[in-house]
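Protein chains in written order, with the numbering used here: chain A, 232 to 650; chain B, 14 to 441.
These aren't lab readings, by the way, just hints derived from the structure by calculation.
None of the values given here were measured: they were computed from a predicted structure.
Keep in mind that a hint or two might mislead.
Ranges of calculated distance between the beta carbons of each label pair, as one might list FRET restraints [stated by the list, open to error]: (1) A:ARG276 <-> B:PRO78: 35 to 41 Å; (2) A:SER316 <-> B:HIS56: 17 to 23 Å; (3) A:ARG438 <-> B:GLU252: 55 to 61 Å; (4) B:PRO272 <-> A:GLU331: 27 to 33 Å.
A few chain B residues that don't get close to chain A, going by computed Cβ distances all over 10 Å [stated by the list, open to error]: (5) ASN256; (6) ARG306; (7) GLU416; (8) VAL437.
We treat Cβ as the ideally placed atom computed from N, Cα and C, and that holds for glycine.
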Amino acid sequence: MSIPGPNDILRRELPNGIVVLIRENHASPSVVVNGYLAAGAIYERAEQAGLAGFTADALMRGTINRSFQRIYEELEAVGASVSISGGMHTVGFGAKSLAEDLPLTLDILADALRHPTFPVEEVEKLRGELLTDLEERAHDTRAMASLTFFELAYPQDHPYTRSPDGYVETVGKLTRDDLVEFYLRNYTPQGLVIVIVGAVESGVALRQVEDIFGDWDSSGHAIIPPPPAPRLAQVHTRTVHIPGKTQTDLVLGYPGPARTDPDFLDAMVCNTILGVFGLMGRLGERVRDEQGLAYYSFSRLDGGPGPGPWRVIAGVNPSNVERAIESIRAEIRRICEEAVPEDELVDNKAFITGSLPLRLETNEGVAQAIVNMERYKLGLDYLQRYAELINEIDAARVQAAARRWLDPDAYALAIAGPP
Amino acid sequence: MNQPNGFVKTTLDNGLTVLVRESHSAPVTSFWVWYRVGSRNEHQGITGISHWVEHMLFKGTPAFPKGEVDRLIAREGGMFNGMTWYDFTTYLATLPAERIELALRIEADRMVNALFEPGEVDAERTVVISERQGDENDPEFLLHEEVMAAAFRVHPYGNATIGHMCDLMTITRDQLYHHYRTYYTPANALAVAAGDFKAEEMVRLIEKHFGAIPNNDCAPQPVRAVEPPQKGERRVVVEGEGNVAYFQVVFRAPPAREPDFFALTVLDAILAGAGGVTFLGGGLSNKSSRLYRALVETELATSVSGSLVPTVDPYVYSISAVVRTGHTPAEVEEALNAELERVAVASVTPEELTKAIKQAKAQFAYSSESVTAQALWLGFSEIFADYSWFQNYIANLSAVTIEDVQRVAQTYLKRSNRTVGWYVPANA
Numbered sequence: 232m233s234i235p236g237p238n239d240i241l242r243r244e245l246p247n248g249i250v251v252l253i254r255e256n257h258a259s260p261s262v263v264v265n266g267y268l269a270a271g272a273i274y275e276r277a278e279q280a281g282l283a284g285f286t287a288d289a290l291m292r293g294t295i296n297r298s299f300q301r302i303y304e305e306l307e308a309v310g311a312s313v314s315i316s317g318g319m320h321t322v323g324f325g326a327k328s329l330a331e332d333l334p335l336t337l338d339i340l341a342d343a344l345r346h347p348t349f350p351v352e353e354v355e356k357l358r359g360e361l362l363t364d365l366e367e368r369a370h371d372t373r374a375m376a377s378l379t380f381f382e383l384a385y386p387q388d389h390p391y392t393r394s395p396d397g398y399v400e401t402v403g404k405l406t407r408d409d410l411v412e413f414y415l416r417n418y419t420p421q422g423l424v425i426v427i428v429g430a431v432e433s434g435v436a437l438r439q440v441e442d443i444f445g446d447w448d449s450s451g452h453a454i455i456p457p458p459p460a461p462r463l464a465q466v467h468t469r470t471v472h473i474p475g476k477t478q479t480d481l482v483l484g485y486p487g488p489a490r491t492d493p494d495f496l497d498a499m500v501c502n503t504i505l506g507v508f509g510l511m512g513r514l515g516e517r518v519r520d521e522q523g524l525a526y527y528s529f530s531r532l533d534g535g536p537g538p539g540p541w542r543v544i545a546g547v548n549p550s551n552v553e554r555a556i557e558s559i560r561a562e563i564r565r566i567c568e569e570a571v572p573e574d575e576l577v578d579n580k581a582f583i584t585g586s587l588p589l590r591l592e593t594n595e596g597v598a599q600a601i602v603n604m605e606r607y608k609l610g611l612d613y614l615q616r617y618a619e620l621i622n623e624i625d626a627a628r629v630q631a632a633a634r635r636w637l638d639p640d641a642y643a644l645a646i647a648g649p650p
Numbered sequence: 014m015n016q017p018n019g020f021v022k023t024t025l026d027n028g029l030t031v032l033v034r035e036s037h038s039a040p041v042t043s044f045w046v047w048y049r050v051g052s053r054n055e056h057q058g059i060t061g062i063s064h065w066v067e068h069m070l071f072k073g074t075p076a077f078p079k080g081e082v083d084r085l086i087a088r089e090g091g092m093f094n095g096m097t098w099y100d101f102t103t104y105l106a107t108l109p110a111e112r113i114e115l116a117l118r119i120e121a122d123r124m125v126n127a128l129f130e131p132g133e134v135d136a137e138r139t140v141v142i143s144e145r146q147g148d149e150n151d152p153e154f155l156l157h158e159e160v161m162a163a164a165f166r167v168h169p170y171g172n173a174t175i176g177h178m179c180d181l182m183t184i185t186r187d188q189l190y191h192h193y194r195t196y197y198t199p200a201n202a203l204a205v206a207a208g209d210f211k212a213e214e215m216v217r218l219i220e221k222h223f224g225a226i227p228n229n230d231c232a233p234q235p236v237r238a239v240e241p242p243q244k245g246e247r248r249v250v251v252e253g254e255g256n257v258a259y260f261q262v263v264f265r266a267p268p269a270r271e272p273d274f275f276a277l278t279v280l281d282a283i284l285a286g287a288g289g290v291t292f293l294g295g296g297l298s299n300k301s302s303r304l305y306r307a308l309v310e311t312e313l314a315t316s317v318s319g320s321l322v323p324t325v326d327p328y329v330y331s332i333s334a335v336v337r338t339g340h341t342p343a344e345v346e347e348a349l350n351a352e353l354e355r356v357a358v359a360s361v362t363p364e365e366l367t368k369a370i371k372q373a374k375a376q377f378a379y380s381s382e383s384v385t386a387q388a389l390w391l392g393f394s395e396i397f398a399d400y401s402w403f404q405n406y407i408a409n410l411s412a413v414t415i416e417d418v419q420r421v422a423q424t425y426l427k428r429s430n431r432t433v434g435w436y437v438p439a440n441a
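Bound-form chain A, shown alone (with noise of 0.2 Å):
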């Protein structure tokens, strides 16, 4: 099987704006889709903080074609599934199902994503669910860390301090009509995005998309482009105390490079020789191998149309912290501050690049390649560049970036665990 590439993509766009990208794959006898729209939680005000979220859930709780159990026992009458969940930027939809229920899943899509009824009953119950699951955010280390940190390492009014699921205080409040409204100014199909790859004909997949997207009036919104973060100058941190607790979260980070901007690819390999390679870079050799103070200690570049973070995540032992928070930040600025060796970057290019087969074994992995390759106009020779692009990334480069966007004397820190 050959990387996806222009040659056995079949891309277009519809008239309404929606762009159609599809892979066969005659593998298998299974099919995702897999997609996005611009309707995520920056077009929602910060008092409204989770609305975005709890539109997109709503969406699959009833139709106008059909109930919210007729929905679901449809799908799960024939072992497919179909999922709508909300982002900071997009909502993103998947779908998964044998190939001879590709138009059921798409025809359930299309329903939910035009047709959406918002019942009531539905909305309460949803509500309940989602107070729920907030209720058991305040109570967990990992996420509270990673709430905590957002709101540390971006300037007070940006979006990104907001967390995309909202708080008990705001979710409690919004309104049916805050959903309806919502979702009448903001699903559009302008800047929609639909990935199918599995075993179907190309052209036949085409026509059903074109079927049951291509009525779809396209007055829009305005894409809402992200906000800048400024560069933090100075140590910005705060722990969360949740008594009862064992293990202590820490998020120790930055905001990071867009995936469009220019030396994402250098970051995003200084990411991996960080915090990935092997059992987790160097972060894991030191700060869990050698100095056995965590469970797991790792590093994530999000990358993202905006400036999403760069951290490094730990789970140590309470009594640990501090000496975890100093290994952490030795090793940032040994990145920052020391060329990488050659026989290590040399490592980390060939893992990027030698792991792109096993990151394109299943549908569900070429489809995320492209989501990619056409929300970031990386091109769709993109994977077929790939190699190239990595290898020619040097330690000058990788030490750049790194002093770009990390500092081992100024950053964000938000600590989760017992008093």
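Keeping the supplied structure of chain A fixed, place chain B upon it in accordance with the hints.
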């Protein structure tokens, strides 16, 4: 032996069981070594030792010093992991197909040559303790641990694989090494490969790397623990931090080899959805299931799930729910009881049966998409039955009748056969 094309099962002279299956849909191969050892083989004083041994196999041999395995596999573009559970410990690597021999070299080497250096043992003690502390942060772990301890008073399935804290504090290097030398031996292991290769060549390659490994002097002792029959309902209450309550109930259940296991699998799909069939996740929702309708649509719980896991010895079927804020585990239990009585008294419908089979077929197709999942199922099924369990899975499910489902509901899902657990939060 009657075997499908591209599949071979054989045994090497030293007793190592070998299963290989060709799959040419992507240029990727997954290689696993499974050992018949896990927390099933432990007792009080050394609980958690199998899992800790697994950690130590990533800490170096003379040929592959610590960190070398991680580096070598990663730079070939591969992924690797180790997993320990009740019935097994397994090590896997999935690599671009032409590089798979590296995984065979590594596994053959560490079957025998892991160092267990005292300094590494001490450092890993804090890591394993930290892992347990992370588990303890989760109320559902705390509840499950207590429920299982109450459900099993003789058989080691009552102990969590991570082990008790007192044992993690006191297990010695020599105990770890003894455990390793006892169970890590060819006759107690399986080598499994699935992916882009020729079956005969893969068998030859496995023979080349593993064929000369001798068996240990101390043969593993069989597990003799037999859990006595349960004589009445058992109940557990866990009080803890937080402001959300959790409910769990476990019913003593048959092992995977028994025919009732398949009927119970169908019953689970009808009650709680067909979500739980693989470790790798199936992603199916359960919103049309009976328990979702009875517990979540009625706003008593925010989610419900069922779990029936194939095991060597009799284990449990479990149902878990997150209690919706403002409600109690008692309310969830009452609604659940009504549903369980209903399924025991009146039979399930033909439509429900058909749906459960179709769901299983779809999930079976999904799980064949990655060579990692294929190798997992080959090895896993060989641990608790044999590979034909996996190959005949759909046929066995399809043979289940409405009467079978009702019979297993009456046999297993009765009060006297269950252990009920409530997690009651301090701040509710």
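These are the hints, each one checked on the structure:
no. : hint                              : result
1   : A:ARG276 <-> B:PRO78: 35 to 41 Å  : violated, 56 Å
2   : A:SER316 <-> B:HIS56: 17 to 23 Å  : violated, 45 Å
3   : A:ARG438 <-> B:GLU252: 55 to 61 Å : holds, 59 Å
4   : B:PRO272 <-> A:GLU331: 27 to 33 Å : holds, 31 Å
5   : ASN256                            : violated, 5 Å
6   : ARG306                            : violated, 8 Å
7   : GLU416                            : holds, 22 Å
8   : VAL437                            : holds, 13 Å
In this structure, the earlier hints numbered 1, 2, 5 and 6 are contradicted, and the remaining ones agree with it.
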